[in-house]
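Q: Chain by chain, the residues:
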Amino acid sequence: MLRLSGIGKRFGGLTALQEISFRVAPASITGIIGPNGAGKTTLFNIATGIYPPTEGAVLLEGKDISALPPEKRARLGLVRTFQNIELFGKMTVLENVMVGLHTQTKSGIFACAFRMPWQLREERSIRERAKRWLDFVGIAELAGVEAGKLSFGKGRLLEIARALALDPKLLLMDEPAAGLNSKETQELAKLIKSIRDRGVTVALVEHDMDLVMEICDSLVVLNLGSMLAEGTPKEIQDNPAVVTAYLGEE
Amino acid sequence: MEFFNQITQYAISGLSTGAIYALIGLSFAIIFNSTGIINFAQGEFVMLGGVLAIVSITALHLPMPAAVAVAVVGTTAVGLAFERLAIRPLKNATPLSLIIVTIGASILIRGLVMLIWGKDTKALPPFSGDTPIEVAGATILPQHLWIFAVTLLVIVASRLFFHHTITGKAMRACSFNRRAASLVGIGVGRMVLLSFLISSALGALAGVIIAPLTMTAYDVGVMLGLKGFCAAIMGGMGSGFGTVLGGLILGVLESLGAGLISSGYKDAIAFFILLLILFVRPQGLFKKGETDRV
Amino acid sequence: MSPHRKLKPDSLNPDTPSSPQEKLKFLVFSLAVLAAPWPLAGGYLTNVLIFVGINSMLALGLNLLLGYAGQISLGQAAFFGLGAYGSGVLTTRFAMNPWLAMAVVAVSVAAFAFAVGFPVLRLKGHYLAMATLGVGVIAHIAFNETVDLTGGPSGLSGIPNLAVGSFQFDSDLKNYYLVWGFALVAVLLSLNLVDSRVGRALRAIHDSEVAARVMGVNARLLKVQVFALSALLSALAGSLYCHVMTFISPTSFSFHVSIELLTMVVIGGLGSVYGSILGALLLTLLPEMLRAFQDFDIVFYGLLLISMTIYLPGGLVRGIPALFRRLWPVRRSHA
Ligand SMILES: Nc1ncnc2c1ncn2[C@@H]1O[C@H](COP(=O)(O)OP(=O)(O)OP(=O)(O)O)[C@@H](O)[C@H]1O
Ligand SMILES: [Mg+2]
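Those protein sequences? They're chains A, X and G, same order as listed.
If you want our numbering, it's the 1-based position in the first sequence plus 2.
If you want our numbering, it's the 1-based position in the second sequence plus 237.
If you want our numbering, it's the 1-based position in the third sequence plus 195.
Take the hints with a grain of salt, since some may be wrong.
As the list claims (entries may be wrong) - Pairwise CB distance ranges, derived in the manner of DEER restraints:
no.	chain 1	residue 1	chain 2	residue 2	range
1	X	Gly501	G	Phe442	18 to 24 Å
2	G	Ala306	X	Gly355	40 to 46 Å
3	A	Phe13	X	Gly355	52 to 58 Å
4	A	Trp120	G	Ala298	25 to 31 Å
To be clear, the hints were calculated from the coordinates, so they are not data collected in a lab.
Glycine residues also receive a C-beta, built at the ideal position from the N, C-alpha and C atoms.
Take these sequences, add in the hints, and give me the full structure.
A: Structure representation (structure tokens):
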């Protein structure tokens with residue numbers, strides 16, 4: 003599904019990533035773990051086209067997408083959520099999800115200003131679909147609320163609903179469980195599995211080891227910008243290098 | 238030879254206005270570096286400096302040095318009030334509201350000056366007479382020498398301040414990383430205030446030393462501010478050598494353009510340069526690019 | 196995490212024409228506009244209200260760009276001036292039909308803004324403000340210096356009134372309906388636009404450009420499009436202005452005008468269509484009502500810009516209802 007090959011990233015003198023190569027298998031859940039500052043978020047920023055990599059290439063379903071801007075990648079089915087929640091805070095929850103349906107609609111500036119009949123049809127249909135996505139993540143009752151007022155947990159769910167609305171092939175989630183309590187985390191685990199079961203490939207960055215071990219099919223470990231290990235959760239748990247560099251701390 | 242003399246003449250007056258642009262550019266950069274704000278009222282500080290000096294001389298009959306002091310201190314007080322009353326209440330403001338507030342401050346200052354001291358242009362007498370000095374077939378006014386001297390002094394002083402004093406280093410630390418700076422115990426709020434004080438003082442100084450050459454009025458701030466900003470942009474918003482160079486280049490180009498092409502379009506030259514740089518090299522002429530953080 | 200509070204639905208976008216209430220609101224507004232000259236009996240105020248209409252179009256154009264898409268422009272007066280001088284020059288020097296000239300000018304100004312928009316709107320925040328300010332100042336200088344075409348500082352006179360057949364728009368009352376006809380259409384189309392796929396995308400860019408792009412919104416293109424749209428509105432306002440006035444000079448298109456527009460939008464309400472109208476109304480009426488106000492205006496604008504941004508960032512459209520709600524708490528539950 004996604005292949006990263008030889009990714010390197012430098013910020014001025016700081017090497018944030020080097021020689022990162024791995025694949026994310028279709029319809030799997032891949033976990034990316036590593037201590038703070040390991041470069042996980044930077045890797046997602048490169049995969050989604052927010053930063054250009056200093057070296058290496060990003061391939062989606064075999065196609066080199068390294069030169070595409072984020073919006074083109076989104077149209078190819080590559081979407082993400084953000085570590086620090088990036089909602090459209092002044093819009094309603096429902097409108098947030100409707101923005102997620104942007105790529106599946108076509109009305110331009112004139113059709114919208116003049117309310118052409120097809121634009122109205124489109125509008126009705128995405129309103130319904132957006133509601134269904136809110137239902138799917140379980141926050142349908144908040145549809146009319148200003149997104150900026152949501153609690154952290156609900157905000158994360160909304161980000162997921164908004165991302166799913168794009169009908170992605172691959173969903174990247176940056177620390178989806180951060181700030182959630184254990185009950186919310188349990189529900190999140192279920193939700194992520196059900197997303198995978200819909201055929202969406204998931205890659206997630208996460209510090210919550212219990213969650214990672216429970217839901218991930220394979221893991222990639224980063225440390226100080228380099229790849230430390232790659233394998234199934236079981237293999238990673240038994241990997242001595244990982245244990246000393248990372249798990250050992252806990 | 239005639240032509241050559243003319244060019245030298247343009248270059249000299251260009252360098253002196255360029256030095257002023259450089260000073261204004263530095264005053265922009267000082268605030269920008271400690272707060273991330275581009276202060277749209279910066280030009281008004283320059284105007285205020287000139288006007289206050291003139292008023293001190295004509296209305297209060299103060300001697301020149303005292304008038305300069307009144308101008309700088311008075312403008313700094315306005316800078317202080319501005320930071321306290323308009324910038325500080327906007328703690329976590331978006332760039333948009335900061336722009337709007339500084340624009341508001343700019344027209345407020347301009348309007349008050351107009352109401353208090355009227356609309357007509359005023360002139361400040363030159364610091365040490367106006368007997369021209371002949372150099373290489375061109376004439377230099379004593380005021381030009383004052384401008385070069387003051388500019389040089391300011392550059393040296395700011396270099397010493399920002400690189401060799403604790404406070405100066407702390408201000409630079411804020412510009413690199415505000416959060417980290419506050420973690421190591423630097424009072425970021427105080428540094429912001431300080432940057433407004435230094436910057437308004439610097440702006441006033443620029444306004445005072447240029448006033449004998451160009452005359453001044455309540456509405457000269459916009460243009461001076463924009464040109465100073467242009468110099469700062471050329472230098473990549475650094476508070477150093479790049480901005481000075483940017484100011485000088487701008488001053489000379491403008492003066493040559495006005496002399497050789499058309500004086501009506503003189504102001505447009507600066508803006509074409511500004512737009513060109515913003516479009517092509519927004520990081521400045523002499524710097525390498527950086528990435529925004531998400 | 197705390198058990199989640201019951202959150203009430205918000206109406207964030209005050210302009211949602213799909214709801215029946217909003218349709219009613221527009222209807223009432225239109226009727227008010229149509230009826231306004233009546234009590235004034237064609238007096239002096241009718242003349243002032245013409246300029247409220249023109250300023251409404253300008254403020255609306257800026258608000259679409261600034262209030263919705265979050266992109267500042269301090270050069271709106273340039274497009275206003277291009278519209279006015281475009282129509283003025285084409286009709287006086289080239290004897291072009293005024294309506295044709297208006298259309299040609301509107302389209303060319305929008306195309307120009309579209310082209311300039313690509314480099315300009317790559318800039319953000321302060322840099323964008325400076326760049327648009329630069330565009331504005333260059334245009335103002337050009338209006339002054341191209342004396343052969345524009346008449347320079349002494350202005351361009353003898354611009355014909357608009358006419359349909361033998362019907363001339365030559366009185367205040369006729370011009371009132373002419374200008375407000377355009378303004379009402381602009382309001383309606385803007386209301387439609389902001390509550391639609393494109394409007395949502397614009398607001399999304401305002402809130403988080405990165406997130407909007409990751410959601411597949413082509414932010415670069417959309418920003419340039421709305422910039423061109425706001426230029427189009429400004430150019431139309433300019434054309435109307437020159438035919439109403441029959442005389443124009445560069446001072447009407449200076450930096451100060453751009454700031455005035457900014458003040459209108461901030462006072463009325465960023466991100467609200469009716470807010471733009473309210474701002475235009477207040478800032479056009481006040482100086483006329485208070486003659487002595489003339490010299491105080493920029494002081495007043497300065498104070499308004501600062502205090503509104505600090506204390507009432509939503510503008511009067513949101514501030515006034517909030518005040519009423521505080522004075523008379525609503526007993527009815529939410530509709
Ligand atoms: N835009 C940027 N400019 C400069 N340095 C950056 C930038 N973005 C990230 N970095 C640096 O790159 C390194 C990796 O950061 P990154 O955010 O990717 O870490 P992370 O693994 O996501 O950490 P965390 O678990 O805390 O989220 C850090 O040292 C960080 O300071
Ligand atoms: Mg991270």
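Q: Is 18 to 24 Å respected by the C-beta to C-beta distance linking Gly501(X) and Phe442(G)?
A: holds, 22 Å
Q: Indicate whether the distance between the beta carbons of Phe13(A) and Gly355(X) respects the range 52 to 58 Å.
A: Since Phe13(A) and Gly355(X) have Cβ atoms about 53 Å apart, the given range 52 to 58 Å holds.
Q: Assuming the hint says 25 to 31 Å, is it satisfied by the Cβ distance from Trp120(A) to Ala298(G) or not?
A: holds, 26 Å
Q: Evaluate the given range 40 to 46 Å for the C-beta pair formed by Ala306(G) and Gly355(X).
A: Since the Cβ atoms of Ala306(G) and Gly355(X) sit about 44 Å apart, the hinted range of 40 to 46 Å holds.
Checked against the numbered hints listed earlier, the structure breaks none of them; every hint is satisfied.
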